[in-house]
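4 protein chains.
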Amino acid sequence: MTTELVRVGIIGCGNIGADHIDRVANQISGARVTALFDVATDRVKELAAQVGAVALPTASEVINSPDVDAIIIASPGEYHAALTLECIAAGKPVMCEKPLAPTVEECEAVLAAEQAAGRRLVQVGFMRRNDVGYRHMKDNLTAGNIGEALILHCEHRNPDVPDSFTSEMSMTDSVIHEIDTARWLLGEEIVRVRVIAGKQTPNAASHLNDPQLVIMESQSGVIISVEVFVNAKYGYDVRCEIVGSNGVTSLGTQDLGQFVSDTRRTVTMPANWRVRFGDAYRAEIQDWINGIKAGEPRGANSFDGLAATLVAQAAVRAVKSGETVEVPVLEKPAFYA
Amino acid sequence: MTTELVRVGIIGCGNIGADHIDRVANQISGARVTALFDVATDRVKELAAQVGAVALPTASEVINSPDVDAIIIASPGEYHAALTLECIAAGKPVMCEKPLAPTVEECEAVLAAEQAAGRRLVQVGFMRRNDVGYRHMKDNLTAGNIGEALILHCEHRNPDVPDSFTSEMSMTDSVIHEIDTARWLLGEEIVRVRVIAGKQTPNAASHLNDPQLVIMESQSGVIISVEVFVNAKYGYDVRCEIVGSNGVTSLGTQDLGQFVSDTRRTVTMPANWRVRFGDAYRAEIQDWINGIKAGEPRGANSFDGLAATLVAQAAVRAVKSGETVEVPVLEKPAFYA
Amino acid sequence: MTTELVRVGIIGCGNIGADHIDRVANQISGARVTALFDVATDRVKELAAQVGAVALPTASEVINSPDVDAIIIASPGEYHAALTLECIAAGKPVMCEKPLAPTVEECEAVLAAEQAAGRRLVQVGFMRRNDVGYRHMKDNLTAGNIGEALILHCEHRNPDVPDSFTSEMSMTDSVIHEIDTARWLLGEEIVRVRVIAGKQTPNAASHLNDPQLVIMESQSGVIISVEVFVNAKYGYDVRCEIVGSNGVTSLGTQDLGQFVSDTRRTVTMPANWRVRFGDAYRAEIQDWINGIKAGEPRGANSFDGLAATLVAQAAVRAVKSGETVEVPVLEKPAFYA
Amino acid sequence: MTTELVRVGIIGCGNIGADHIDRVANQISGARVTALFDVATDRVKELAAQVGAVALPTASEVINSPDVDAIIIASPGEYHAALTLECIAAGKPVMCEKPLAPTVEECEAVLAAEQAAGRRLVQVGFMRRNDVGYRHMKDNLTAGNIGEALILHCEHRNPDVPDSFTSEMSMTDSVIHEIDTARWLLGEEIVRVRVIAGKQTPNAASHLNDPQLVIMESQSGVIISVEVFVNAKYGYDVRCEIVGSNGVTSLGTQDLGQFVSDTRRTVTMPANWRVRFGDAYRAEIQDWINGIKAGEPRGANSFDGLAATLVAQAAVRAVKSGETVEVPVLEKPAFYA
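Residue numbers (our numbering), protein chains in the order written: chain Z, 1 to 337; chain F, 338 to 674; chain H, 675 to 1011; chain W, 1012 to 1348.
Simulated from the structure, these hints should not be mistaken for laboratory data. Watch out, some of these pointers could steer you wrong.
27 Å max Cα-Cα, derived DSS-like pairs, lysine-lysine [claimed, not checked]:
#1 K967(H) <-> K382(F)
#2 K1103(W) <-> K1304(W)
#3 K475(F) <-> K199(Z)
#4 K1006(H) <-> K1210(W)
#5 K1210(W) <-> K812(H)
#6 K1149(W) <-> K1343(W)
#7 K1244(W) <-> K1210(W)
#8 K1304(W) <-> K293(Z)
#9 K332(Z) <-> K536(F)
#10 K45(Z) <-> K1304(W)
#11 K536(F) <-> K475(F)
#12 K293(Z) <-> K92(Z)
#13 K570(F) <-> K138(Z)
#14 K1149(W) <-> K1103(W)
#15 K766(H) <-> K630(F)
#16 K967(H) <-> K766(H)
#17 K812(H) <-> K630(F)
#18 K1331(W) <-> K1244(W)
#19 K812(H) <-> K1244(W)
#20 K429(F) <-> K630(F)
#21 K1149(W) <-> K907(H)
#22 K199(Z) <-> K669(F)
#23 K1149(W) <-> K873(H)
#24 K293(Z) <-> K1056(W)
#25 K199(Z) <-> K233(Z)
#26 K475(F) <-> K233(Z)
#27 K1343(W) <-> K873(H)
#28 K138(Z) <-> K536(F)
#29 K138(Z) <-> K332(Z)
#30 K669(F) <-> K475(F)
#31 K429(F) <-> K669(F)
I would like the entire structure built from these sequences, with the hints used as guidance.
Pasting the structure below:
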């Protein structure tokens, strides 16, 4: 592995983009931030100054800069496909935040371009694959500690969302993580999805179904039950359990610390996803950089991104129709084996 | 409250019946066992001798014995209604194990007879209402600690069942406990049920759907999700969580103790329902006896028994049809207010 | 075992005495309360009326009443020996709350009288021996799950005490439970004790050392470390861990339930010893009654009471002197084998 | 903060040294490894090749190399002081693994040289200060959640040690971590120490006292109780609890994940200190590098190193004598304020 620093350009410098800037600049090994783009020009100049990078006037200039070896895309999802295609055209590795693209067609265009380019350049930001807890679950399943997987229970609770958040976004922004987690843990595709919206929280905008219960099934029939509740108020709480034929394995409680007073044991929980998955994000970016330096692609690839969008879009149709939606199983190109 | 001992007759002396004999004779206050009936005549004589009771040749003789003040019915479910009706006719309090009866019609006959008799004589054995953990959940909900209930998650796992156990029995024998728990916790009726059988465990008889996921809805739209897995192998594991608009409350882990060795923390779980709910059963029978002595009926009543059977029968139809089944909401007679 | 009810007389009807009345009358099998004595005559009459017993003018009349088969002594410790001796003289089984007596001499007088009477009549109220958690620890040790015991860590925290409570009473009232627990878990005697009073809580009376750290050693050299903190404010918290040569075993957390809100998981702890050890007390009294009916003495005996007082008195001397105090090992009479 | 990489030389490339090489090269931001020294010349060459560094023939050449900006010392403790002094002479920041030096005199020489040099160059490797769990404890104490600290309970258990490990090394290698932790958590010095060796594990060499119980006191009288058990067999288990006047705060269980089978919940614990404190070590080194780049010294300083050695040496005397040993309180130079 070379000791040269990978020079990273970052497109989109909002919450998660700013976190990625800090991670590449200050928390991981082997990389530095050299160029940034965001529509908020004042903010991006300030961020650039903090890490010794330049703020460029367009995303294309970041992608094509001779001072940029690899790109992180953290802009809104609607721009993901176009920017990723531009990275492929430039022959540079790219870490695109989820989703790879909001539509299946755009995802397919990315896969086509990447295959035409002849080498794997695209990673999709499904950071849970780097979370210690999920890895232990996968290890327990793989080691045979619980027999074969039969049911996957997931809860995905977020303290709150802005009023602009929609019932469909619960699928494309939140449940998409469980979709990838399920595919990765179980090693098979999701073929069916239905969505149940029961009693609604008084704390959400009236147009939003919240909570929703998503019931999916995998190729072998594993039931994947996902509660998604984006105005859960009490904190950020992500849970997962695999029920196997001989036992179960689950994430721990992720508590951060405790104190006891007044006949109450008070345990602090992570306030949001940035706290809960901070270590996983750091590990994801470190692993991505290590992969670039070693010349080996790692993490979730374009096909994973396509498969997740395919299921998320089916879930969106299930939200709208109230019906069970079948999901076609795509053949995985050998290129992604 | 009188200090006279309530003289209890017990009909059906299998596993749970024998436990009830021991509870009344040796674990609670204010009662003693005076008469028993079971078709296994040798066994019942032995049990009778142990507690200073008599074994009578028929259930009717137990019910009508002048030495019996109150009756526990622990015989197979098909006999429950007829025996309960006989207790009502004798004017004696009766604790009937769940279900009150396998059919809605039989349950209705019990309610009619009890109302005609003019006083509440029947309690149904939904012992979870006496479990410390479930009571804490209900207290937390009632105290407003979690806002209003939106979702109820339940898991009901049993280590194994005999080959004669059917997919329908998962509803009438196992899920019926969650049905009563949901009604009791939420204070409203269940109006809809569907059952999903996904990937099946290799450890069950081929005719049995196991595990199954039961999705119910309450009048106000609370989603009640119940995983029932009767060959879970690893132990007896019952869990419950109420998701509220401002927080969640759940049963604890029910672990019995722990030791640590070889880089493993090993926590002992209850092996079966007799261990897990032993305290709840004891509290249930004590409370029943206290109610008899105080002249105040307590616990789950005939209407609760009817409502549970109504939903369980709908779940049976859902198992058979694979469809969503609507459950009519019965009007609760003022007699049971 | 006879089905006759054991008629219990109770002497001392304060907090714990009243709890025992309720237990014998309403929570256990095979006994009833027939006679009471307390210096608070109004209160004792009220309690007697509630359970259908009589309030007698002296303790002696309770002990010698023809309507009393067995006696519970819950009066102040200074009366324990005299009352226990009177029970022995009457030939009746007695459950004496801890301590058996405040002085070693009085305890020895009890043992002498009991041996002269020729049968075991005395049980001492060390209820932890009936606690599920401590039993699991003992089972784990006995089963060889943790190798041989090397260290015993104990914490004994009480929310608060009245101003009249003294540093010595922390030994005779609180630590005496750990003394018995250690002897029972380890199966050997305590031979050495020292007491360290470090920084004192601002929440205690100035004359009281609180918290104190008690370091004891057993015959085989097991170190028994006891933190006693009687104004711990935050709740009642008793913990215990055995460190073995191959592993450790400990009490669980004893939490009663939980709810989650506002990024905090709030777990309710027992507020006091009556809540924490309610089940153990009930089991202790049930077991005592069962033993009487079976004609087999059970639970902690007079020798256990003597041994505990011997160590507690050594601890009192250690509090006063600040020195390490050696404790002689008494020979256990075959009568108590 | 500059974006230039800090060029790090590492002296001593055994277990912890090799981990530090990997951390600087592959896990943190802002630094790279440029030069190594170890007496095991083959091994050091291999390690150097892996990270693009050079292996130099002496430690002095590493320290004085123009390609080295800062040094990590991970050689045996006896060389720490001399090497640290050489770093100070070279005017380069140094992160010295604990202990700063085995003797008080050597530590004092380091402080004298550093003060003469006129700026803070030395950090001591007490990585627990960077552990999330200990930080939460300190935050809870500082926030007033538990009142004022009265007792500190610590357990330090290691699975096993080589036969060459001595009773004194339990103090200088293991308990020294608790000494620093106590000083850092409580913000005051330790003034008294005694060591009790009770029953010994059959799993240790006969010359070794194991386990040992160390009782220390702070200036304000806080009792610090440390169980050190270096052949605990079952795993690596470090625990800590602060008992305050109004509540307690403690480390969590540090479990890594769980699965359930065969009526047992099996929770995986960290196998050794490298797993348990991996994140803390990484954070420590990252923080050290950040401090160098910002020109601000951070972490434990020379005075902390001296104070820890002073107490550890007193503990060694306490092991040998069996007596309570008083520890003088050193005045902290303003230079280290």
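We went through each hint and held it up to the structure:
Taken as a hint, the K967(H) and K382(F) pair is honoured in the structure, with Cα atoms around 22 Å apart against an allowance of 27 Å. The straight-line distance between the Cα atoms of K1103(W) and K1304(W) is roughly 12 Å, inside the 27 Å bound, and the hint therefore holds. Pair hint K475(F) plus K199(Z) holds up; C-alpha atoms about 19 Å apart against a cutoff of 27 Å. Proposed proximity of K1006(H) and K1210(W) is supported: the alpha carbons are some 23 Å apart, at most 27 Å.
Our distance criterion of 27 Å between C-alpha atoms is met by K1210(W) and K812(H), whose separation comes to about 19 Å. Of the pairs offered as hints, the one joining K1149(W) and K1343(W) holds, with about 22 Å between alpha carbons and a cut-off of 27 Å not exceeded. Of the pairs offered as hints, the one joining K1244(W) and K1210(W) holds, with about 16 Å between alpha carbons and a cut-off of 27 Å not exceeded. The straight-line distance between the Cα atoms of K1304(W) and K293(Z) is roughly 25 Å, inside the 27 Å bound, and the hint therefore holds.
Restraint check for K332(Z) and K536(F): satisfied, since their Cα atoms lie roughly 23 Å apart, inside the 27 Å limit. A C-alpha spacing of about 22 Å is found between K45(Z) and K1304(W), which places the hinted pair at or below 27 Å, so the restraint holds. For the proposed pair K536(F) and K475(F), the alpha carbon gap of about 33 Å is over 27 Å, so the pair is violated. In summary, the hint linking K293(Z) to K92(Z) is supported, as the alpha carbons are separated by about 12 Å, within the 27 Å threshold.
A distance of roughly 20 Å separates the Cα atoms of K570(F) and K138(Z); the hinted pair therefore holds under the 27 Å criterion. This hinted pair does not check out: K1149(W) and K1103(W) have alpha carbons roughly 31 Å apart, beyond 27 Å. Of the supplied pair hints, the one linking K766(H) and K630(F) is violated, its CA atoms being roughly 31 Å apart against a limit of 27 Å. Proposed proximity of K967(H) and K766(H) is supported: the alpha carbons are some 12 Å apart, at most 27 Å.
Of the supplied pair hints, the one linking K812(H) and K630(F) is violated, its CA atoms being roughly 40 Å apart against a limit of 27 Å. For the given pair, K1331(W) sits about 25 Å from K1244(W) by alpha-carbon distance, which is consistent with the 27 Å threshold. The hinted pair formed by K812(H) and K1244(W) meets the criterion: a straight-line CA distance of about 20 Å does not exceed 27 Å. Between K429(F) and K630(F), the direct Cα distance comes to roughly 12 Å. Compliance with the 27 Å bound is thereby established for this hinted pair.
Proximity of K1149(W) to K907(H) is assessed by CA-CA distance (about 20 Å); at most 27 Å being required, the pair is judged to hold. For the suggested pair K199(Z) and K669(F), the alpha carbons sit about 23 Å apart, so the restraint of at most 27 Å is met. As the CA atoms of K1149(W) and K873(H) are separated by approximately 19 Å, the hinted pair is consistent with the 27 Å bound. Between K293(Z) and K1056(W) the alpha-carbon distance is near 22 Å, which keeps this suggested pair within the 27 Å criterion.
At roughly 16 Å between alpha-carbon atoms, K199(Z) and K233(Z) fall within 27 Å of each other, so this suggested pair holds. For the suggested pair K475(F) and K233(Z), the alpha carbons sit about 20 Å apart, so the restraint of at most 27 Å is met. For a cut-off of 27 Å, the pair hint linking K1343(W) to K873(H) stands: about 23 Å separates their Cα positions. Our distance criterion of 27 Å between C-alpha atoms is met by K138(Z) and K536(F), whose separation comes to about 19 Å.
Straight-line distance between C-alpha atoms of K138(Z) and K332(Z) comes to about 22 Å, which keeps the hinted pair within the 27 Å bound. For the given pair, K669(F) sits about 22 Å from K475(F) by alpha-carbon distance, which is consistent with the 27 Å threshold. Proposed proximity of K429(F) and K669(F) is supported: the alpha carbons are some 23 Å apart, at most 27 Å.
Comparing the model with each earlier hint shows violations of hints 11, 14, 15, 17; every other hint is respected.
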